[in-house]
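For the record, the sequence lines run as chains A and B.
With my numbering applied, the first sequence corresponds to residues 1033 to 1197, in that order.
With my numbering applied, the second sequence corresponds to residues 1033 to 1197, in that order.
Everything labelled a hint here was simulated from the structure, so no lab data went into it.
Keep in mind the model is a prediction, meaning the values are calculated, not measured.
One thing to keep in mind: the hints can contain errors.
Heads up, the list lumps identical chains together, so a pair's fine if it works in one copy or across two of them.
As the list claims (entries may be wrong) - Below 25 Å or equal to it, Euclidean Cα-Cα: the simulated SDA-like pairs (lysine to any residue) are:
# : residue 1 : residue 2
1 : Lys1099   : Glu1143
2 : Lys1163   : Thr1175
3 : Lys1163   : Val1173
4 : Lys1163   : Gly1174
There are 2 protein chains.
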Amino acid sequence: MLIREATEADWPAVWPFFRRIVASGETYPYPLDLGEEEGRGWWLLPAPDRTVVAVDDEGGAVLGSAKMNCNMSRAGNARHVASASFMVDPDHSGRGVGRALCEYVIAWARESGFRAIQFNAVVETNVRAVKLYESLGFRIVGTVPEGFRHPAHGLVGVHMMHLAL
Amino acid sequence: MLIREATEADWPAVWPFFRRIVASGETYPYPLDLGEEEGRGWWLLPAPDRTVVAVDDEGGAVLGSAKMNCNMSRAGNARHVASASFMVDPDHSGRGVGRALCEYVIAWARESGFRAIQFNAVVETNVRAVKLYESLGFRIVGTVPEGFRHPAHGLVGVHMMHLAL
Chain A
1033 MLIREATEAD WPAVWPFFRR IVASGETYPY PLDLGEEEGR GWWLLPAPDR TVVAVDDEGG
1093 AVLGSAKMNC NMSRAGNARH VASASFMVDP DHSGRGVGRA LCEYVIAWAR ESGFRAIQFN
1153 AVVETNVRAV KLYESLGFRI VGTVPEGFRH PAHGLVGVHM MHLAL
Chain B
1033 MLIREATEAD WPAVWPFFRR IVASGETYPY PLDLGEEEGR GWWLLPAPDR TVVAVDDEGG
1093 AVLGSAKMNC NMSRAGNARH VASASFMVDP DHSGRGVGRA LCEYVIAWAR ESGFRAIQFN
1153 AVVETNVRAV KLYESLGFRI VGTVPEGFRH PAHGLVGVHM MHLAL
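My request is simple: use the sequences and hints to build the entire structure.
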């Protein structure tokens, strides 16, 4: 698996699984009917923020994507904290794509001089993501009760997770 | 004190204390040198989000301002959570302006059908704000360690605060 910079040319390969994940309404607070153009603007970030894709070594298929950015305004007094979001094609889950992307983000944040990474909204029923982040050293610093309306589980908590670098 | 809808015409009265608060770098993660036009765009929110000003009954001076909004995307599965920000002219502190604005926001959120209000980043050294919010029923659900670089105190924690409605 190769992780490389995402370009506009990658979007047609990202959008189908991005849309599927957003439309499921299980993990992201985005509008469930988010349009393709709007989604592209939300996901493909201009420098110095970054968006990458994880690509299959052999066929070149896009397996997942991550965006990484300063958590709050770049010139403010919280500029030492990074954030990131991840989308892994459900058809390629269980292959370590999410872990590889998250490790990439941690390395990027460290190299970029951030002192921490903060995930602002990890839905507590997204157990696989919570466990992955914890296995990489993140911890839950707080949980907003009933912060997310899961389509199957109803109102569930939303974790804020944090990793000091 | 009257609390009413803020208009573009109020901005020249808001900007001086807004700028002073932002430039102090003690409570907001905004760029310390935020420009007037950019600040206006960040503060005066279009409907259905709202921005109000607290105005002196007698002289009509603007004493403070609050903006209130959906915490995340309005059409997503976290749309039942509101958020808000407050600016009180330091020259008029201690008069209950912040409390009146916060009470207004709570009433607005309740009437608008939100189920909770979440403040994402309350700097822990902003003790007056923390105590005010707690006195109105908010509680700290988590604290990001060293999430903010205070100009005098160095790296300090950032609270996420929450009120169920």
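(message) Hints numbered earlier in the text: which of these fail when held up against the supplied structure?
(response) Of the numbered hints, all hold.
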